[in-house]
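My request is simple: use the sequences and hints to build the entire structure.
Number of protein chains: 2
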Amino acid sequence: MTSQPNDHSVAIQPNENAKSPLFLGVDVGGTGIKIGLVDNVGTTLGFVSIPTEEPKGPDDAMRRVAAACDTLLTSLGYTRTDVARVGLGTPGSQNIAKGLLIEPPNHPHWHHFPIVQSLEEKLGLKVSFANDANAAAFGEFWIGTGERFHSMVLLTLGTGVGSGIIIDDHLVVGHNSFGGECGHIIIDPSPTARRCVWGGGRGHLEAYASASAVAARAKEELLAGASSILAPEAQTVTAKRLYEAASQGDAWSLGLIDETADYLAIGITTIVHTVDPGLVVLGGAMNFGGAKSPVGQRFLQRIRDSFRKLSFEYVADGTTIDFASLGGDAGYLGAAGIARTEYQKSL
Amino acid sequence: MTSQPNDHSVAIQPNENAKSPLFLGVDVGGTGIKIGLVDNVGTTLGFVSIPTEEPKGPDDAMRRVAAACDTLLTSLGYTRTDVARVGLGTPGSQNIAKGLLIEPPNHPHWHHFPIVQSLEEKLGLKVSFANDANAAAFGEFWIGTGERFHSMVLLTLGTGVGSGIIIDDHLVVGHNSFGGECGHIIIDPSPTARRCVWGGGRGHLEAYASASAVAARAKEELLAGASSILAPEAQTVTAKRLYEAASQGDAWSLGLIDETADYLAIGITTIVHTVDPGLVVLGGAMNFGGAKSPVGQRFLQRIRDSFRKLSFEYVADGTTIDFASLGGDAGYLGAAGIARTEYQKSL
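If you read the sequences in order, they're chains A and B. To convert, note that position 196 of the first sequence is 208 in my numbering; the numbers rise steadily by one, no gaps. To convert, note that position 116 of the second sequence is 128 in my numbering; the numbers rise steadily by one, no gaps.
Honestly, the hints are just simulated from the structure, not real lab data. Each hint should be verified, as a subset may be incorrect.
In this list, chains with the same sequence are indistinguishable; a pair is considered to hold if it fits within one copy or across any two.
To be verified - The calculated EDC-like cross-link candidates involving lysine to aspartate or glutamate, where the alpha carbons are at most 20 Å apart (straight line), are:
{"id": "1", "residue 1": "K134", "residue 2": "D72"}
{"id": "2", "residue 1": "K231", "residue 2": "D274"}
{"id": "3", "residue 1": "K134", "residue 2": "D82"}
{"id": "4", "residue 1": "K357", "residue 2": "D181"}
{"id": "5", "residue 1": "K357", "residue 2": "D180"}
{"id": "6", "residue 1": "K110", "residue 2": "D329"}
{"id": "7", "residue 1": "K110", "residue 2": "D180"}
Spelled out as structure tokens, the structure:
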């Protein structure tokens, strides 16, 4: 068993300006678990990443998380008693109120496990529980792109389309812990619509706008003879390669990215007409270079323009659409932020 | 000016068990304004309805509302001082935070008017403001079908598809006062999709599942030669006539109602995957006879079955879909309930 953090460990130097109370944020992914010690204003005092080692199961992972937390705290001159609460984000499906994992599809050895109880016992600290995408949304809300807003929706464009919703400072967890699963809203009801990988639902936003869906759409078009510099690599094309080709001016690649923006705009219109958050944030790895890249700028502007055509003028005027700002840190930061919110409520 | 309530006035006999504090709920519609005196547990102590007389403008209407409130209170042995707060629901568009009507499409003489200030000045009481569909949702949530739930979504099937969302006991007002406009979610993105009456958006739920959309769909099919006992009245067919024909076993009518249920199920799936409320309530005049009618039962069951096919098993298991229970009273009751909630927060 590896109880030591791996070489992704980063101990930021002790911060004498840290604002107590402190919180630990834990973000469980498919391959790695990120752990941050975060102060009361969202500053990361220290960070460590350990491998998930999924096949060893969740109890083993929580033991290693607890050990990594201790190592992180010690390296920064703290102990567990300096931590007010822990936030834990994991992939769904979950029962948030009961602290249970149900059947997370990418964690086959972690099904039906009381993960909150497991981590609470190992750390001797109260643990707040969240869906990983909801935690990321809360991170962006607390100290990221949403920090000046009271409501927002995050869409993370990665292998799937993750999502989280905050309404009037309150995270939408959902009656079945299924709140903010906007990747599974239906944007095309036709019987020939594309299918999701998870669950196989037809016409879901995720089936069009995730990185894997974009790669699948690209592959189909290239195999059908699309004119592009990517034609020779049709079988292996990825969203990243599409971005690179678009950056070189490949017209077909730019068109496919535009089309992806249009699909997203359909979903965003529906989301806005449902909860009217005032802010929609785009996170995840598939940002086509983001705000610093001409392709990313075009992608974002196309989403905004297409949304404006589909929505109502005053709603479009009052809705900001922008990129996320916390990158891969959003998950543990948001988990810490959720712990902070629940700690404050408990006082 | 008519300062007297019209003959819809109903003064329930003085109720010695009324639970104070009391609230006035005001529900402004296109043709009538409903006003109820409601106690702290949602019992209507008295009710009055006055005509809207839209062309006379909102200031005149608020003067008549204030007079009707006084008449109602007097008839029940109360005065304004017995009322803790007033709730006012009106059709959008609105700026809820500022208490303004913006451009309600069916109230052309009421545009850009500070209606909260107007009613507060006339009554000398604090007024809480809401969208009419949101108020109806809050009514069903407080003392109707949703009374045992903490979250719910109401869809009202009438001339349009109205909607309101409550999440964890909190009404979703929206950043642009556009929260819960689920009639305008996109269920069909195709360029030939049906259009909404208001705003003209394509593919919106309202363009398929409102009473007027159902009538339009029916008319088109009948004119195209559908075999039905309604064929002779193709030009004038309504959702009500469709219900009557379906009740007589008309197969085409039943099929069109099934298809309407399927459209609703697409929208409900998207709504549930966004906010996962645990309860979806169907209100409004178009309920095909509701729970007491075989056609209404079939309509509801078809929605449930179709939703189950489109969603995930555990989410469908954990989601109730049912008819509303307050009928046309939901609006003023919900307005009173919103006033009660804001009054409690102000203490």
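Verification of the hints:
1. K134 <-> D72: within (11 Å within a copy, 67 Å between copies)
2. K231 <-> D274: Classified as within: same-chain Cα gap 19 Å, cross-chain 33 Å, threshold 20 Å.
3. K134 <-> D82: within (11 Å within a copy, 64 Å between copies)
4. K357 <-> D181: both (13 Å within a copy, 16 Å between copies)
5. K357 <-> D180: both (15 Å within a copy, 15 Å between copies)
6. K110 <-> D329: between (41 Å within a copy, 17 Å between copies)
7. K110 <-> D180: Classified as between: cross-chain Cα gap 17 Å, same-chain 24 Å, threshold 20 Å.
In the structure shown, no violation is registered for any of the earlier numbered hints.
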